[in-house]
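Peer 1: Line order of the protein sequences matches chains A and B. Using our numbering, you'd call the opening residue of the first sequence number 165 and step up by one each time. Using our numbering, you'd call the opening residue of the second sequence number 165 and step up by one each time.
For the record, the hints were derived by calculation from the structure and aren't laboratory data. Hints are not guaranteed to be accurate.
Since copy identity is lost for identical chains, a pair holds within one copy or between any two.
[Claimed, not checked] Listed next, the in silico DSS-like pairs over lysine-lysine satisfying Cα-Cα at most 27 Å (straight line):
(1) Lys350 to Lys166
(2) Lys391 to Lys515
(3) Lys316 to Lys605
(4) Lys283 to Lys169
(5) Lys166 to Lys339
(6) Lys339 to Lys697
(7) Lys521 to Lys558
(8) Lys234 to Lys521
(9) Lys435 to Lys463
(10) Lys283 to Lys558
These numbers were taken from a predicted model, which means no experiment stands behind them.
2 protein chains.
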Amino acid sequence: MKILKGFPATSNDDYQLNLLTLIKHAARSFGEQEIVQLLPSSEEVTRITNKKVYQRIKCLANALEGIGVKPGDKVGVLDWNTITHFELYYAIAGLGAVLLQMNPRLSAHDLSYVVNHSKPGIIVTAESLLPVAESIYDLIEGVERYIIIADKDSSAIETKLTPVYDYETLISDNKPEYDWQMIDEKAACFACYTSGTTGRPKGVYYSHRNSYLHSMQTAVSYNIGDKSSVIVFPAMFHAAAWGVPMLASLVGAKLVLPGAYSLTDMNAILKLMVNEEVTFTCGATTFFLAMLEEIRKMKERPDFSNLTILSGATEPPLAMMKGYHELTGAIVIQSYGATETTPFVTVNKIKTWLEDKLTLEEKWTLRAKHGYPITGVDIKIVDETGVEVPHDGKSVGEILVRGPWIAGKYYNSPGSEDRFTEDGYWRSEDMGMMDEEEYLKLVDRIKDLVKSGGEWISSVDMENEIMRHPAVLEATVVGVFHPKWDERPMALVVVREEDRATTSEEDIRNILRKTFAKWQIPETIVFVDEIPKTSVGKFDKKVVREQYKDIFRT
Amino acid sequence: MKILKGFPATSNDDYQLNLLTLIKHAARSFGEQEIVQLLPSSEEVTRITNKKVYQRIKCLANALEGIGVKPGDKVGVLDWNTITHFELYYAIAGLGAVLLQMNPRLSAHDLSYVVNHSKPGIIVTAESLLPVAESIYDLIEGVERYIIIADKDSSAIETKLTPVYDYETLISDNKPEYDWQMIDEKAACFACYTSGTTGRPKGVYYSHRNSYLHSMQTAVSYNIGDKSSVIVFPAMFHAAAWGVPMLASLVGAKLVLPGAYSLTDMNAILKLMVNEEVTFTCGATTFFLAMLEEIRKMKERPDFSNLTILSGATEPPLAMMKGYHELTGAIVIQSYGATETTPFVTVNKIKTWLEDKLTLEEKWTLRAKHGYPITGVDIKIVDETGVEVPHDGKSVGEILVRGPWIAGKYYNSPGSEDRFTEDGYWRSEDMGMMDEEEYLKLVDRIKDLVKSGGEWISSVDMENEIMRHPAVLEATVVGVFHPKWDERPMALVVVREEDRATTSEEDIRNILRKTFAKWQIPETIVFVDEIPKTSVGKFDKKVVREQYKDIFRT
Chain A
165 MKILKGFPAT
175 SNDDYQLNLL
185 TLIKHAARSF
195 GEQEIVQLLP
205 SSEEVTRITN
215 KKVYQRIKCL
225 ANALEGIGVK
235 PGDKVGVLDW
245 NTITHFELYY
255 AIAGLGAVLL
265 QMNPRLSAHD
275 LSYVVNHSKP
285 GIIVTAESLL
295 PVAESIYDLI
305 EGVERYIIIA
315 DKDSSAIETK
325 LTPVYDYETL
335 ISDNKPEYDW
345 QMIDEKAACF
355 ACYTSGTTGR
365 PKGVYYSHRN
375 SYLHSMQTAV
385 SYNIGDKSSV
395 IVFPAMFHAA
405 AWGVPMLASL
415 VGAKLVLPGA
425 YSLTDMNAIL
435 KLMVNEEVTF
445 TCGATTFFLA
455 MLEEIRKMKE
465 RPDFSNLTIL
475 SGATEPPLAM
485 MKGYHELTGA
495 IVIQSYGATE
505 TTPFVTVNKI
515 KTWLEDKLTL
525 EEKWTLRAKH
535 GYPITGVDIK
545 IVDETGVEVP
555 HDGKSVGEIL
565 VRGPWIAGKY
575 YNSPGSEDRF
585 TEDGYWRSED
595 MGMMDEEEYL
605 KLVDRIKDLV
615 KSGGEWISSV
625 DMENEIMRHP
635 AVLEATVVGV
645 FHPKWDERPM
655 ALVVVREEDR
665 ATTSEEDIRN
675 ILRKTFAKWQ
685 IPETIVFVDE
695 IPKTSVGKFD
705 KKVVREQYKD
715 IFRT
Chain B
165 MKILKGFPAT
175 SNDDYQLNLL
185 TLIKHAARSF
195 GEQEIVQLLP
205 SSEEVTRITN
215 KKVYQRIKCL
225 ANALEGIGVK
235 PGDKVGVLDW
245 NTITHFELYY
255 AIAGLGAVLL
265 QMNPRLSAHD
275 LSYVVNHSKP
285 GIIVTAESLL
295 PVAESIYDLI
305 EGVERYIIIA
315 DKDSSAIETK
325 LTPVYDYETL
335 ISDNKPEYDW
345 QMIDEKAACF
355 ACYTSGTTGR
365 PKGVYYSHRN
375 SYLHSMQTAV
385 SYNIGDKSSV
395 IVFPAMFHAA
405 AWGVPMLASL
415 VGAKLVLPGA
425 YSLTDMNAIL
435 KLMVNEEVTF
445 TCGATTFFLA
455 MLEEIRKMKE
465 RPDFSNLTIL
475 SGATEPPLAM
485 MKGYHELTGA
495 IVIQSYGATE
505 TTPFVTVNKI
515 KTWLEDKLTL
525 EEKWTLRAKH
535 GYPITGVDIK
545 IVDETGVEVP
555 HDGKSVGEIL
565 VRGPWIAGKY
575 YNSPGSEDRF
585 TEDGYWRSED
595 MGMMDEEEYL
605 KLVDRIKDLV
615 KSGGEWISSV
625 DMENEIMRHP
635 AVLEATVVGV
645 FHPKWDERPM
655 ALVVVREEDR
665 ATTSEEDIRN
675 ILRKTFAKWQ
685 IPETIVFVDE
695 IPKTSVGKFD
705 KKVVREQYKD
715 IFRT
């Protein structure tokens, strides 16, 4: 992008947007505001104020510096949605280092690839995630120290990780003063890896500027302020929890963290949301579907009339959206985004001048779209030649996105340059259309990913693995709608004629188990004589998805 | 400020924060949102949508470029709070040029100084401000073209300005497409001149980045969103109308402009506020005092229970704040700021955890402070040696401010370097204190300025002028509380003994008329034998202010 020079300003433009500023200023201006976390028992919570958590962050910064973390270093983190993870966000960023987000749901194969690609010198892990850290211990290089977050002293913990430091001891051994330096706002603070369409996870390294501006604009677009209470369901190892923890610091909102939560904790989570008077949340549609099921069973349903739920599904489930509204008063808002976009790109609110113009049913139809672009983000819908298609609610094209919190490249990923246009747009590989009122609607995904329970699975990787089986002639994997997981992968496999009698579904699963996590393995593997193909002979996944679209519907 | 390098991010950090983006994206995502302006008749309003105003802005950009405006050029503007002024904000910034804010309330002496210091090549003036433009015509250099904003064609207007272009003709003659370039975010978009303590107005040149970030954070701190309706009372030639017009574009709020309003239009303004369902406004305390007087007289008082009024007075008038609350339901919020700070630095809201803790009376006491610092702004209160004083609600020091929307220097102003610290703070020359909860309270002003009706008067300049009178031995000018104008200047003058019989107050006023505007001349000039002095022999303005503090009280 060519940048035009103008007349020099007198503003303090060298003052850098630093992530650390958000908690530093929260500790000052919203010192008594709370961060609340659900404890593993799911029964109790722990609370800490911004002022106190900032003290601990300063201790932690001293501790990390003491064991050798320098500006530009990477620190891997394996942790849930916890206060300690929140502390690590800021302490690592404040030092000018980079927090490598380690997704414990990845296979050891992929997770070790991520670590070796990013090269952290230290890994911090929650005690409950020790098995994950240990599973990659022999596969990774360059990690010289481990820090364990535990209730008890780490010397009481048996592990093959070494050398090991104890998180709480590090904090208590260090002083709560730290003379923060100003960090270049273009320096990375988070390294997030996204599943790619071909081969390996790709690194998206958010700059301080990126994360700061995204939090500011999100607060504006979603009307989150000092009276808000936000609970964070997106994993803190996923796109920096969609920026919500930083947003809470920025606006002075109460931050509620569900800890190491799972779908089975739904009652405890609902109780937490009611007690903490939560007004805003976001997360995977899967999760909110399960929550709604729980709410349906309750005799006394929670009053969520002040709650906004932000979610993003390829096909927004209108029944769920209506269900929340009818049973609890909550509003479910659709949005569009990706790891590469930090993630927020759009917001689906009814524009003021449409309020009186649309009928109730028309409003629901509108709500099932993905919303209008938020200020600061450029969006284009282009055809195959790169020309913009009309915004008429029916012309479909690929969604291109550009802006201060959109990726400009992938980290050290030769061959991925074609995912970015010359004028700075990221190619989403999602197909969509814009209506006359500038509401975006996703229609299909050209990237071959399956999104199951909010987590991505690469269908291309899975196909490649299945093809390794000597009996397999052809294989394709597609994502199919699933009422609980939003999508599940299913495989269509053509086995050589001579091997048909001796090849089982379990044989296919066995080969997948080497590189895929357990939850990623498809329940449904269908042996067929032929896979539908397009005119140029490629697998026609669109046709496959259409054929099997009801396979998980009851 | 030393900036620490880190690890390179993959974000699109070259994407510049450009002011133009705000209206471009407002035209896209909030296309039907309205901008409403009160017409000179005070009876009617005119309306335009974001989409349509953006079309006109593109025509205007083509027109300005056509008559020679290039990136880095300055364009002087003399206009009220109008849609045309709003168009000029964006068209000039979009071209990478700088809008020089021309304050028509300045004397020809000061206004011509501002123009000659900033050197615009073009001046755009509202027809109603032609007398001002003409009054400086022979005093300014380098202005090669004039554009007149008028209802009729400018050829019908008699003026000595030449050559003259007609604003509406320029717009209708140009096409509504413009291929905006990306402007360096550190380039200036507004040049605002502030009255200095010594001598001449000083130039504060806001960068795009500065204005953009200020608008974003203000939207967050004041909870302004797409459902808001904001009316702009700060003059659009003052600190870019406190950033409110840009803020409205950013969040998608309705923007209401009062035109060339005055205190005598109060009924029409109140009607406008009710009709347009205004939820947020800001401005000088003087103005809101006059508004409250009008409301008191009304039989049917407006319901302002959704209205927040943001204001900033050295001594916040609690009676007025309570008056609004009781009579209309509106909340008056204090803030602190200056032209050098864009202006917002603090906001006075009751922090959530104080809501239940404080009694009603304690809350009013708190509301009469100036609020806590907004996120992104560093504040220090320092003693004379530059050391921070405790935040105990009683230790007084000078207020220093730093951040992305705080000035880092004055434009071309040798000798003003001492107004900035080495670590990037601007010295406000205001004295204040912070309490334990981080609420700022202004206590005194060390800068010798008088703020009358929201406009600044330099007491130092006035003293210098008075001292030119051959009969005057000593003179000091201080600002004294005034129930209508917040402050008025008053002069204490020591006349030489031999001239006492022959020197009148009117003689003093006559000498001031040469360089001061009519409204700046003090009504009260007191002849004394001696002016109180400090231990080092300086005029002790604190003592003078104390002695005369009740002079305008009835």
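Peer 1: To test your reading of the hints: which numbers does this structure violate?
Peer 2: Those not satisfied are hints 3, 6, 8, 10.
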